[in-house]
Amino acid sequence: MAFVEKKLPADAPALDKALNWVDARFPLTKLWNDQWGQYYAPKNFNFWYIFGSLAMLVLVIQIVTGIFLVMHYKPDAAMAFSSVEYIMREVPWGWLVRYMHSTGASAFFIIIYLHMARALMYGSYRKPRELVWLFGFAIFLCLMAEAFFGYLLPWGQMSYWGAQVIVNLFGAIPFIGPDLSLWIRGDYVVSDATLNRFFSFHVIAIPLVLLGLVAAHLIALHEVGSNNPDGIEIKENLDANGHPVDGVPSHPYYTFHDIFGVTVFLVLFTAVVFFAPEMGGYFLESNNFIPADSLKTPLHIAPTWYFTPFYSILRATTSDFLYIVQAGIAAYVCLVYLKSSLPALIKMAFAAAGLVMIVGMMPFGLDAKFWGVVLFGSSVMILAGMPWLDQSPVKSIRYRPDWHKIVFIIFGIAFVTLGYLGVEPPSPVRNVISQVCAVIYFAFFLLMPWWSATGTFKPVPKRVTFKPH
Amino acid sequence: MGNEKQVDSGRRGLLVATCAAGGVVGLSATGAFVSTFQPSERAKAAGAPVEVDISSLKPGDMTTAEWRGKPVWILKRTPEMMASLNATQSEVADPDSTKPYTMPLPDYCEKQSRSRKEHQDVLIAVGICSHLGCSPSKKFTPGAQPSLPDNWAGGFLCPCHGSTFDLSGRVFKNKPAPQNLDVPRHMYLSDTKIVIGKDEKGEA
Chain A
85 MAFVEKKLPA DAPALDKALN WVDARFPLTK LWNDQWGQYY APKNFNFWYI
135 FGSLAMLVLV IQIVTGIFLV MHYKPDAAMA FSSVEYIMRE VPWGWLVRYM
185 HSTGASAFFI IIYLHMARAL MYGSYRKPRE LVWLFGFAIF LCLMAEAFFG
235 YLLPWGQMSY WGAQVIVNLF GAIPFIGPDL SLWIRGDYVV SDATLNRFFS
285 FHVIAIPLVL LGLVAAHLIA LHEVGSNNPD GIEIKENLDA NGHPVDGVPS
335 HPYYTFHDIF GVTVFLVLFT AVVFFAPEMG GYFLESNNFI PADSLKTPLH
385 IAPTWYFTPF YSILRATTSD FLYIVQAGIA AYVCLVYLKS SLPALIKMAF
435 AAAGLVMIVG MMPFGLDAKF WGVVLFGSSV MILAGMPWLD QSPVKSIRYR
485 PDWHKIVFII FGIAFVTLGY LGVEPPSPVR NVISQVCAVI YFAFFLLMPW
535 WSATGTFKPV PKRVTFKPH
Chain B
2 MGNEKQVDSG RRGLLVATCA AGGVVGLSAT GAFVSTFQPS ERAKAAGAPV
52 EVDISSLKPG DMTTAEWRGK PVWILKRTPE MMASLNATQS EVADPDSTKP
102 YTMPLPDYCE KQSRSRKEHQ DVLIAVGICS HLGCSPSKKF TPGAQPSLPD
152 NWAGGFLCPC HGSTFDLSGR VFKNKPAPQN LDVPRHMYLS DTKIVIGKDE
202 KGEA
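Protein chains in written order, with the working numbering: chain A, 85 to 553; chain B, 2 to 205.
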């Protein structure tokens, strides 16, 4: 096709001419309109719909502050700890940049957990948004990797022993485990080699992947359109211009909605940065103000708060608990056989996998440490299955049976309890509570195909619930 | 489909060969990148044996040496400490150290004291818990105390997940740690000088 450039009148403003020149060579206006300017979003968004934009803002904060931190930080086991203190005490305004980065990490997880809670409530992962969810899930994995790698860099006692424990988790894998741990560390213990490679992952590898995934998440979302608190497909009801009747263009409507949300967020964020950057030891743990010592483990080590729900599941897996897991697996295989309409081959695969796991959990099989790692990994990975686990005929919690709300609340309580127990030192009573919560956690997801389809659902309206103001 | 051109098998063969050759180069390059993750020559060399002088170590005292970046405990046990091993014999998960963690118990070490016959009171063990690699802390005072059983005879407690070990570094039953602490290969150069990571048969 021949190159065509739109002819503007000679007296058109210079800016219009410049934009026209660019648009003929690069789809700038088209990109803006597709992704935001003419992207029609449901008009009934509520407060839960601010967290996507906020996550984007925090990503920018982390990247910008990260760039400036790298200018002063030294990824060397002999110098890392003191270079962080140098940033804090001697680099002009260095403390602010670092506290923004460390607070940003926790803020990121708070926002992402709320963003995911929103998706769970309103069924935002349901068809046709499966890929939006999967890209988002991959972003969550990247964030966890980013947080884990970044946490080693200050080279404090908590950084060091946290990394030691997590890298040793891989050692639980049969046959290849010990060599895999050695390969990840690049030394017999967490050392300078480990610090350097974690630094490389933290500042280059993971951020690159993360940015790509964020782009994919947004492109997929803007292709299928946003869900809303009513779980109604607004694209099924178009006006004469082909725009959704219940949609408004993101610009200017949601631009200003989001700027308001950003303002509120920044008030809270800066309050933490200036007045409570350590957040009582939850955002920055006190043991991390002691330089790493490979010969002495701190008396109490706990991961940062955003990992603790999953970490509790790891800790809850003792050899006694495996009997309950075995019974659970056996019951689940029976349930799949009797109460599902899956093809016979898949049912057989379930039974075979269940049998392998039950045998593997026997006292003569693999030890509890390995199964702890398996359950820990599964507790994260199971989130990816949401679009297929949820069989409810309606998307939004608003039109589900009321007792579904109670199921969600019980799940929420179990998740928060696991998170709380993960920062506490272990004790027999706490262990039993975390085992109960771990069972609730897995039951919520694994039984979802059945419970989510049960009950009396309310009629879903044709138009979104919206009161003009 | 009918108007598709006939595939030129010569060119197609060349294409497959080119892709295969390119794939080999790509795979080898990936292999090189993966290999850079292994311990470097310098890291391996840093695993050399270390010598420790224990002339100032009194019975009941423990000193820590660094070998391969890990803490190695040297504990000179009192007769009471040695006697406690008889009491713990039935309470530990693997009294004869048949399931080693990363290195087998050297064959010159006794099963119960896990030390060399000629220096039975001196325990030399790598202070790294076999659960997730934390370093247990010493709890030598016998008797009931927080996180420990009432019949505690002295030993070690891992702060991370609560595994307990007796004064020979043997893990108690029903604890997260699956194996006993490692006893590295070692030998005595004299009565007060130990070398860790090396014995009569060579370096570990």
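There may be inaccurate statements among the hints.
What the hints assert, rightly or not - Straight-line alpha carbon distances no greater than 25 angstroms define the calculated PhoX-like cross-link-like pairs of lysine-lysine that follow:
hint: 1; chain 1: B; residue 1: K77; chain 2: A; residue 2: K489
hint: 2; chain 1: B; residue 1: K194; chain 2: A; residue 2: K158
hint: 3; chain 1: A; residue 1: K380; chain 2: B; residue 2: K71
hint: 4; chain 1: A; residue 1: K380; chain 2: B; residue 2: K194
Derived by calculation from the structure, the hints in this document are not laboratory data.
Taking the hints in turn, this is what the structure says about them:
1. With a C-alpha separation of about 62 angstroms, the suggested pair B:K77 and A:K489 falls outside the 25 angstroms cut-off, and the hint is violated.
2. With a CA separation close to 39 angstroms, the supplied pair B:K194 and A:K158 exceeds the 25 angstroms bound.
3. Between the alpha carbons of A:K380 and B:K71 the distance comes to roughly 10 angstroms, so the proposed pair stays at or under 25 angstroms and holds.
4. Restraint check: the Cα-Cα separation between A:K380 and B:K194 comes to about 24 angstroms, which is no more than 25 angstroms; the hinted pair holds.
Going through the hint list in order, the structure does not satisfy hints 1, 2.
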